[in-house]
Amino acid sequence: MALNYTKEVMDHFLNPRNIGTIENPDAYTEVGNPTCGDMLSMYLKVKEIDNKKIIEDLKFLSFGCASNISTASMLTTQVIGKTLEEAKAFSFKEVMDELGGLPSQKIHCSVLAVEALQDVIKKYEESNK
Amino acid sequence: MEVYLDNSATTKLDNSVLLKMINFFESDYGNASSIHFKGEASYNAQEKARKEISEILNCEPKNIVFTSSATEANNMIIKGVARANKTKGNHILISSIEHPCVLNSAEQLKKDGFEVEHIPVGADGIIDLEILEKMIRSDTVLVSVMAVNNEIGVIQDVKSIAKIVHDKGSFYHVDAVQSIPYLDIDIKDWNVDFLSLSAHKFYGPKGVGLAYINKNIKIEPLIVGGGQEFGFRSSTYNTPGIVGMAEAMKIAYGLEREDNLKRIKEMRDHLLYRIQNEIPEIFINGSLSRRTPNNLNVGFKGVEGEAILMDLSSKGICVSTGSACGSANLKASHVLSGIGVSGYFIHSNIRFSFGKYNTMKEVDYVADCLKDTIERLRKFSSVKSV
Ligand SMILES: Cc1ncc(COP(=O)(O)O)c(C=O)c1O
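So the protein sequences, as listed, match chains B and H. First residue of the first sequence? That's 1 in the numbering used here, and the numbers climb one at a time after it. First residue of the second sequence? That's 1 in the numbering used here, and the numbers climb one at a time after it.
Check before you lean on any hint, since a few could be wrong.
Subject to a maximum C-alpha distance of 20 angstroms in a straight line, what follows is the list of computed DMTMM-like cross-link-like pairs (lysine to aspartate or glutamate) [claimed, not checked]:
no. : chain 1 : residue 1 : chain 2 : residue 2
1   : H       : K379      : B       : D11
2   : H       : K301      : B       : D11
3   : H       : K384      : B       : D97
4   : H       : K315      : B       : E23
5   : H       : K379      : B       : D119
6   : H       : K315      : B       : E8
Just so you know, the hints here were simulated from the structure itself, not pulled from any lab data. The model shown is predicted, which means the values in this text are computed figures rather than measured ones.
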C-alpha cells in the first residue's frame, strides 16, 4: 500500500504552517473521525474590516496521520485573510488540488480539516448572532 | 542513513541464497516434472532441499508441501482440513491474534456452514490454556494458534497447546512464520499436525512457503491441476524458490545463528533502554519476557502511528504501525485490540523488528531520530494524554 504522498504533502507534514493554539480565540472546535481515530482542534480569530468579517488567524492541533496534518496546514494558508462567507464556500477539492492530490484511502482523514473549518465558523456565528 | 527495522514484514535476501538460486534460472531451469536430464537436475536439487528442510524441522520429507507463500499454506490447511473432515464436526477455533490469512480463511468457512470461534489472549498476548481447553468441543475439527505473533512477537506455548488439542481429540495447526530462527522448530517434539512457513521472513526469496501436513489426516487441496507436490498442491515446481528456501533455513539455523540471536537481542534491548530513558509516556504492547528478541512494539501516547512512521521514513528509517491510518483497510490492529489496547492508544504504536543486517550504530541513529519525531509531533497533538 504505497501512499506516494506528493512533495507538497510531505512538506506541509514535516513543516506544518499555523500549527498551535490561539489565546482567547473567537471560536474553537474539536472534530474527530471515529473510523481512523484522527482528531483535529481548530482555533479561529476574526476581525472586521469595512463591515466584512475576515479570518485574521486560524490555527490547529492534530492527532492524525501525515495526510491529516498536511491538509489542515495547507488549508489554513489558503483561508487566512478570506471573509467568513468565502471560507464557508471553501471546498475540500481546493486543498486537495493545492497539495497535488491525496491517496484515495486518505481522503476521510483529510476532509477532517474542512469539517473543522466549517464547524469553527459555525461556532463563531452561533456565539456572535 | 538508511535503516531497515521492518524485518517482520520481510527481509533482505541473503546473498549466498541468491547465489544458490541463480543456477536454477540460468542453467538448471528445467521443469522438475520433466523426465529428461534438465528436469532431473531440477527435481534432484529440489528433493535435496525438501530433505534438508525436513531434517531441520524434524519431520518426514513427504509431509512437506511447498506453496507460493505462508498465506497459501494457511488457506490450504484451514480450509482443506475443515472441508475434508466435515464428518468430525463443523467447529473451528483460532486465536484472536492470528495473521489475517488465518482469520479470513476461517471467515470464509462460515459461508460453508462452519462455526468459527476466537480464542482470547491476555494483556500479555498469551493464550490461557485453561480457556483453550474449555473452548474445544467434541465437534471441533481444527485449532489454529500461531507460534510467534507478527506484530508483538509474543511466543505461545505450542507444545502444551498441541497436547491439550490432541487430548480433546482435535487437530492442531501452528503458523510458525515468525519463528525462524528464534525458536527451535521440532515438529515431532511439538507434536503438531500442521505447520506453515514462509521463506522471505528469514532472508530467503519471496513467493515460496511450505505447509507441513500430517498425511494421516484428510485434507482437500486448494489448488488442483497437474498433481505436483504429491497431489496436494499443483502448479509447476518453483525450483529456484524451493532451493533458496532450504539454503536460507540452513543458514538461519547454522553457524551464524547464535551470534545473530545475541546481537539482535542486544540491539532490541538497547533501543528499548533508550526509549524508556529518553521518551516519556510510552507503553510496551504485549509481554516483554515471552517475546522473540527481534521484536519491539511500543505505544507513544498522544501521537498517531502513521505520522510517526512517515516522519521516520523521511529520515530513512523503515518501521511499521498497527494504526488504522497506517493500514490499507483503515482498521486498527486486531492484535492490539486483542490484548486490550483501546481508544487513542491503539493508533499510537510502532513495531520495530530487527534483523541480522542491522547494526548498533543504526539503532542509535533510530533512537536519536525517534526522540525528535515524537517531540515534534507531541508539540502539536490535539490529544491531551501527555
Ligand atoms: C504470522 C504470519 N503468518 C502468515 C504470513 C503470510 O506470509 P506470506 O507473506 O508468505 O504470505 C505472515 C507474513 O506477513 C505472518 O507474519
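Hints versus structure:
| no. | hint | result |
| --- | --- | --- |
| 1 | K379/H x D11/B | holds, 18 angstroms |
| 2 | K301/H x D11/B | violated, 24 angstroms |
| 3 | K384/H x D97/B | violated, 32 angstroms |
| 4 | K315/H x E23/B | violated, 33 angstroms |
| 5 | K379/H x D119/B | violated, 24 angstroms |
| 6 | K315/H x E8/B | holds, 17 angstroms |
Violated hints, in rising order: 2, 3, 4, 5; the structure is consistent with all others.
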